[in-house]
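Asker: Next come the chains, spelled out residue by residue.
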Amino acid sequence: MTGFTYLGALLASIAAMALIDVRWRLAFRRAPAASALAVGAGTLVLLAWDLAGIGFGVFFRGDSAWATGVLLAPELPLEEPVFLVFLCYLSLVAVLGVERMLERRSGAQGGDAASDAVTDAATRSSQTDAATRPTETNAAARSGGRPS
Amino acid sequence: MTYSLICLPFLAVAVVLSLAAARRLPPAARRRRWLAIGFAGALVLVLTGVFDSLMVAAGLFGYVEGTRLGPTIGMAPIEDFAYPIVTVLLVPAIWTLARRRRARGGRGED
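Quick mapping for you: the protein sequence lines, in order, are chains A and B.
For the first sequence, the positions run 20 to 167 when my numbering is used.
For the second sequence, the positions run 998 to 1107 when my numbering is used.
Take the hints with a grain of salt, since some may be wrong.
Short derived list, chain A residues pointing at chain B, Cβ under 10 angstroms [to be verified]:
no.: 1; residue: Trp-68
no.: 2; residue: Glu-94
no.: 3; residue: Ser-110
Footprint (simulated), chain A over chain B, 3 or more residues, beta carbon under 8 angstroms [claimed, not checked]:
no.: 4; region: 1002-1015
no.: 5; region: 1023-1032
no.: 6; region: 1037-1048
no.: 7; region: 1056-1064
no.: 8; region: 1091-1097
Calculated from the structure, these hints are not laboratory results.
Backbone N, C-alpha and C fix where the C-beta goes; we use that ideal spot for every residue, glycine too.
Next up, chain A with everything else stripped away, as it sits in the complex:
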């Protein structure tokens, strides 16, 4: 079972990241398609990077007791794409999370108590109602009405 330690830790980390994401409506609940595309395409780019490293003889797979030992390609373990998904997801949630904190802080400075609710509503409507409310308008509405 120790062979599943690394894979298990990665999957648990992705699940924990998803809880943070869903709780604060940062990525997937806000824009599911864009989030899937960002994490998916990011993972493919990093995978190409890994394969370049393997191809040029930089990386090799360790013979660790913590890994399953299953290989997807020479020197490319099963765990690697899972790790890359986690790294991309972590980066997306971290950037959008800090963005949200900065947004709330500037909302508080403007003395607008309802600014969070407005932001969330604007975020939701930009997804469900993009046809009638272009995102540019929402973003402008969000950034307007406060000192800059």
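Place chain B on chain A using the hints.
Answerer: Here is chain B on its own, set in the frame of chain A:
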């Protein structure tokens, strides 16, 4: 040397896409995006220093001698830190560009 040269094109793509995405944000949101990339980037770099070292120590992967520049942070070669720099630039950029495209497409159907 090999490893650092492999990193360069990926860093370049990430920088170009993050600039393209930032251009599409209104000024206040753009400022927040760059600040957020800075703070989140610092966080993910620290996490990389800790966990990459653990992963190398656990023997999950290794590096062939003579392909690296040499300096390490913990057990992580400095080139490994290009990965989190690329992800904090690239992934939110794709996210923003995808949302904008969708919003524009939606308006077109109006």
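Asker: Establish whether the coverage given for the region 1023-1032 of chain B by chain A is satisfied; the threshold is a Cβ-Cβ distance below 8 angstroms, and no fewer than three residues must meet it.
Answerer: holds (count 7)
Asker: Hint validation: Glu-94 of chain A versus chain B, beta carbon distance must be below 10 angstroms. Holds or violated?
Answerer: 8 angstroms, holds
Asker: If you count the residues of the region 1056-1064 of chain B with a beta-carbon closer than 8 angstroms to a beta-carbon of chain A, do you get 3 or more?
Answerer: As far as the region 1056-1064 of chain B goes, the hint holds, because 7 residues have Cβ atoms under 8 angstroms from chain A.
Asker: Within the assertion that chain A covers the region 1091-1097 of chain B, do at least three residues meet a Cβ-to-Cβ distance smaller than 8 angstroms?
Answerer: holds (count 6)
Asker: Against chain B, is Ser-110 of chain A within 10 angstroms by beta-carbon distance?
Answerer: Given a least distance of 4 angstroms, the restraint on Ser-110 of chain A holds.
Asker: Counting residues of the region 1002-1015 of chain B whose CB is closer than 8 angstroms to a CB in chain A, do you get three or more?
Answerer: Result for this restraint: holds, n = 4.
Asker: Can Trp-68 of chain A be said to touch chain B, with a Cβ gap under 10 angstroms?
Answerer: 5 angstroms, holds
Asker: Taking beta carbons only, do three or more residues of the region 1037-1048 of chain B come closer than 8 angstroms to chain A?
Answerer: Coverage by chain A holds here, the residue count being 4 at a Cβ distance below 8 angstroms.
Checked against the numbered hints given earlier, this structure breaks none of them.
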